[in-house]
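Student: Could you slot chain B onto chain A? The hints should help.
So the sequences go chain by chain: A and B.
For the first sequence, our numbering gives the first residue as 1, with consecutive numbering after it.
For the second sequence, our numbering gives the first residue as 1, with consecutive numbering after it.
Hint data in this document are derived by calculation from the structure and do not stem from the laboratory.
It is possible that part of the hints are untrue.
Pairwise CB distance ranges, derived in the manner of DEER restraints [to be verified]:
hint, chain 1, residue 1, chain 2, residue 2, range
1, B, GLU135, A, GLY562, 50 to 60 Å
2, A, SER480, B, ASP127, 47 to 57 Å
3, A, SER533, B, LEU278, 45 to 55 Å
Here are a few chain A residues that sit away from chain B, every Cβ distance over 12 Å (derived from the structure) [as the list claims (entries may be wrong)]:
hint, residue
4, SER45
5, PHE149
6, THR199
7, ALA247
8, ALA432
9, LEU461
10, PRO486
11, ARG501
12, LEU552
Residues on chain A that point at chain B, a partial pick, calculated with CB under 8 Å [what the hints assert, rightly or not]:
hint, residue
13, MET1
14, VAL7
15, CYS17
16, ASP35
17, HIS336
18, LYS338
19, ARG366
20, VAL369
Where a beta carbon is used, it is the ideal one built from N, C-alpha and C, also for glycine.
Number of protein chains: 2
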Amino acid sequence: MSKARVVIENITPQVDCGKFPAKRVVGEAVIVEADVFTDGHDVVSCVLLYRAESATKWEQLPMSPLHNDRWIARFTPKAMGRYLYTVRAWVDHLATWKRDLAKKQAAGQDVTIDLLRGKQLEKEGLDEEIVVQHEPPLTIEVDRERARFSTWYELFPRSAGTTPGKHGTFKDVEARLPYIASMCFDVLYLPPIHPIGVTERKGLNNTPGAKKGDVGSPWAIGGEAGGHKGIHPELGTLEDFRHLVAAAQNHGMEIALDIAFQASPDHPYVKEHPEWFLKRPDGTIQYAENPPKKYQDIYPFHFESESWQPLWHELKSVFEFWIEQGVRIFRVDNPHTKPFGLWQWIITEVKREHPDVLFLSEAFTRPKVMYRLAKGGFTQSYTYFTWRNTKYEITQYFTELSKPPVSDFFRPNLWPNTPDILPEFLQFSGRAGFALRLVLAATLGASYGIYGPAYELQEHLPIKPGAEEYLDSEKYQLRSWNLDRPDTLRDLIARINRIRRENAPLQSNRGLKFHEIDNESLIAYSKTSEDGSDAVLVIVNLDPHHAHSGWLSLELADLGVGTEKPFQVHDLLSGARYLWQGARNYVSLDPAHSPAHIFRIRRRVRTERDFDYFL
Amino acid sequence: MSKARVVIENITPQVDCGKFPAKRVVGEAVIVEADVFTDGHDVVSCVLLYRAESATKWEQLPMSPLHNDRWIARFTPKAMGRYLYTVRAWVDHLATWKRDLAKKQAAGQDVTIDLLRGKQLEKEGLDEEIVVQHEPPLTIEVDRERARFSTWYELFPRSAGTTPGKHGTFKDVEARLPYIASMCFDVLYLPPIHPIGVTERKGLNNTPGAKKGDVGSPWAIGGEAGGHKGIHPELGTLEDFRHLVAAAQNHGMEIALDIAFQASPDHPYVKEHPEWFLKRPDGTIQYAENPPKKYQDIYPFHFESESWQPLWHELKSVFEFWIEQGVRIFRVDNPHTKPFGLWQWIITEVKREHPDVLFLSEAFTRPKVMYRLAKGGFTQSYTYFTWRNTKYEITQYFTELSKPPVSDFFRPNLWPNTPDILPEFLQFSGRAGFALRLVLAATLGASYGIYGPAYELQEHLPIKPGAEEYLDSEKYQLRSWNLDRPDTLRDLIARINRIRRENAPLQSNRGLKFHEIDNESLIAYSKTSEDGSDAVLVIVNLDPHHAHSGWLSLELADLGVGTEKPFQVHDLLSGARYLWQGARNYVSLDPAHSPAHIFRIRRRVRTERDFDYFL
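Next comes chain A alone, as it looks inside the complex (with noise of 0.2 Å):
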């Protein structure tokens, strides 16, 4: 029993009733709904209240009604960390008073004693007992601004060398770093860099048994020269790995690592720390298996170990020990396969002490597995982008990413290649085919990446007919790129990037919009900035083979334009303009020239002198 009369429901943001937390960056306004009403014709006050967790007072801001017993308001975290807000709400006597005290005079009626009512009121003040507060509190990880929007660039650093045949060195990537700086990409992820295991290692293109000087799989981890903290010796040492790190900060960019949590046989652990493998009842170690497969160069570690306390702790260090050489971007390798809690139990730990440390989850795996995972606190996550071509799969799947629950928690990172997978489409498509995925990638995901220089070299060959892994793999040896091919794609990535650079709409997966296009090998979706003053517009032909061209329908309103005057759509690829107006227009794309129109949409506006010009 409680005499409040007011009720609050269906605040959003927020994931899973509240377990989860909602994420936003530092800057990004965090706009908070709720339903809120009472019985009767009572006017209600709401407001939102928010704080950071380790604040202790509330800030608070008035809501505003929108329709429907809905309500409004929002507030914008200067820092990043985690942040509690929650509605408050009563009913409003005064308010009711008021309202009806007008209507009262605006019908001529005595209010004599009307007013004085309204003086009881104003003496009597808010009553607590009626006032009722949504608990409790939901949470938002506010993190920095790379979180949401970033572009990745992947590769071996023992193929960065330039002599072939010769392992590559962390000197060797710092040389590379100008090439990877002129694509304008922030991140440069490197797989593992640690110690690889000798037992059981594998050989070229995954074969049992390595050869002498066969370098083996990075993922391999720990062998002599130590573990998880330990580097490959013969990429250098962990003074030049933090020379790297500075290197690229010079450039702009950051270095992500790569975090396997398995172990070679030769792993450190092992002899360390047996309790935390499987033994088999023949006194072994457990290799990983998925049956009838054998994979004996790895060691899972068993998470319902008596020991998984200590282990836990363990896996933590591991981000701790790299935190402290200065990496701040952390790419998990199968996160899917170790448990969701000792996940959401390392990012919540490591971030309290480290609000800028981004982690991005490489789950290919079953939806609902790899939105847990991101709900759990992975910042960002691989998605199934790898695999969707047509224009209704590509519908279809931004359209759940891109809208709350699912835009809420889950922030995609989208990758064309990467040195698992060579997808299907790729391996038929020529250099048209690399270039629309990459397009598609830059303008559907605020953040994206590629497998270089795989990807702008066009690396298309599979190790045999039906398989998506590639033939020769940068996985089990070393490999020597042609940087200066003349038909790399290096430009047509720099510009993308500049592009996205430059246009706030593409660094947000807010406000995706697909439009109706009477060609089913044409796609067509805009993006508009947060406060609608800003949209792109992207066109691709998702054939590589022909050209297309079809009739385009606008939903002029997304783009915050009239039917009554022309606008401009000024082609940021090929620099082109043309004139439009009205909601149908017309579009062809040969993939020869262009995979892709990306259009900035340029208002017409009207000056006092009558002189059009574009905004």
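Tutor: What follows is chain B alone, placed relative to chain A:
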């Protein structure tokens, strides 16, 4: 930190994160689904736990996988009252081992060590540390069948007499029972039966200042003869009322009472408990207002009074008093002008003692307020059906009502008219309009009601043009009705209500599906029984003035019919039978003849002797 690796998410049914119970009836399956998964590739097992709230031991049922990590189980409550349910899950090492063993054996691998591991696992048994159970459990309110399926008839007892101008009595209502029962109604609902105030009493047609002999509004409750536990002397005695309750039962009907928590200035509460009303600064009691309108004949309770707790207890005792007299169904007047907390508390308390009591919420107000009343415990609710006339409006509204989450807590009760509302449509639609609105109400809603005899006699004159109030409303005067008028809808009503009794799909709000028909004046929808064995297809001509025809495109799968064979549609209204095949079929409806088809789908079944007959 927890060792348990399994995740349980998104259990359904679930109303507002489990804050409110979902609703079902005895014998109706509760289908529980949940997302259950773990990291990696291990097999998970999960069970549904459920019990009556009063029981101490959980019943347990295995859940089965659907697809995309969704699991399902169902239980069928055998008794009324509140039930609890939840999901329990774990990583199933033994099942994982069995699956992997089979794969290894199929590949001809040596499984010696695996067999030893199996023995180990069997010995270890299930480790409680790795079991997860969703907490707190979710709740479900289990009502009797009539909560879901009910057919209401409302009449004013004082107009039930046979001598024009003479005040009707409970005895007159008894005499009317065979007439009402012949139309197959099962709930007879009476407006308030309490003493009516004389101070500021309203005259005929709601005019201020009643003349001598004016009977006043039954909703101006309370006079010399008593208040909410009293009976208006002209209707009879408490003894007469109990006799009526019993007589109705003999006709297969229940009496539903109107509970309107407000007082006339003559209500005993006003003198005995002035603290339950708001005192104005001049010492008078605050009458009802909707500024600038004043309702001086009504005193609302002041629910923010210091004495709100005794007031709540007194109001609850009103229900308890009438329950004592044998009443089990209450129609609550304007619940949206009293605190939500009051209703939730009264309904919960009353149903704990009397789980067979049903509450109908008479709230015609904003959507979220109506839904909140239902969440708080109201068994059934009035709806916007009264004003939904076009195909678009009906399709949108009933699609929303028939799907979770709404269908889990909100049970619509459809009224084409009430004493307060003569919708504009019925003012101009003629007899055909009354017939078609009846078909819609009776087939779109498992529960519906009419205010009679105004409905069957097609009373259609408003108090003034543009108003929705009846002229010469029974709310303010006695009326005399000629029940034998040749144009009465009595026979049609009887037929439709019999069809409802004989066809399970019409007794539930689930399984509603709209079908395409290429004429905006024709609407088509089907309802399918829970087990899918039975389907009814309704087609209504929404235009009461003109014949319409069109091509219907059935979603055959929803009707359990294939394309390869013909099926019979049997019009339960006219008795006609048609043989149809495939999705597209022609229909034509002339309102002068019949406003609707109510087809039972009879599927063709092949017998051993290849002799076709219809199920």
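Student: Take the C-beta atom of SER533 (chain A) and the C-beta atom of LEU278 (chain B), compute their distance, and say whether it sits inside 45 to 55 Å.
Tutor: For SER533 (chain A) and LEU278 (chain B) the Cβ distance comes to about 50 Å; the hint holds.
Student: Is the hint on CYS17 (chain A) kept, meaning its closest Cβ partner in chain B is under 8 Å away?
Tutor: CYS17 (chain A) check passes; min Cβ-Cβ to chain B is 4 Å, inside 8 Å.
Student: Does the nearest C-beta of chain B fall within a distance shorter than 8 Å of the C-beta of HIS336 (chain A)?
Tutor: holds (6 Å)
Student: Find the nearest Cβ of chain B to the Cβ of THR199 (chain A) and say whether that gap is larger than 12 Å.
Tutor: Its Cβ never comes within 12 Å of chain B, the nearest being 19 Å, so this holds.
Student: Beyond 12 Å on every Cβ pair: is that true for ALA432 (chain A) relative to chain B?
Tutor: The claim stands: ALA432 (chain A) keeps its Cβ more than 12 Å from every Cβ of chain B (closest is about 35 Å).
Student: Just tell me: holds or violated, for the beta carbon distance of SER480 (chain A) and ASP127 (chain B) against 47 to 57 Å?
Tutor: holds (52 Å)
Student: Please settle this one: PRO486 (chain A) was flagged as non-interface, so is its CB more than 12 Å from every CB on chain B?
Tutor: holds (46 Å)
Student: Return the status of the interface hint for MET1 (chain A): holds when the least beta-carbon distance to chain B is below 8 Å, violated otherwise.
Tutor: holds (6 Å)
Student: Between the beta carbons of GLU135 (chain B) and GLY562 (chain A), is the distance compatible with 50 to 60 Å?
Tutor: holds (54 Å)
Student: Just want to verify: LEU461 (chain A) was marked as not at the interface with chain B; is every Cβ pair farther apart than 12 Å?
Tutor: holds (30 Å)
Student: Closest CB-CB distance from PHE149 (chain A) to chain B, is it above 12 Å?
Tutor: holds (29 Å)
Student: The hint names VAL369 (chain A) as touching chain B; please verify it with the least Cβ-Cβ distance against 8 Å.
Tutor: Holds, because the Cβ-Cβ distance from VAL369 (chain A) to chain B comes to roughly 6 Å (cut-off 8 Å).
Of the numbered hints given earlier, the model fails none.
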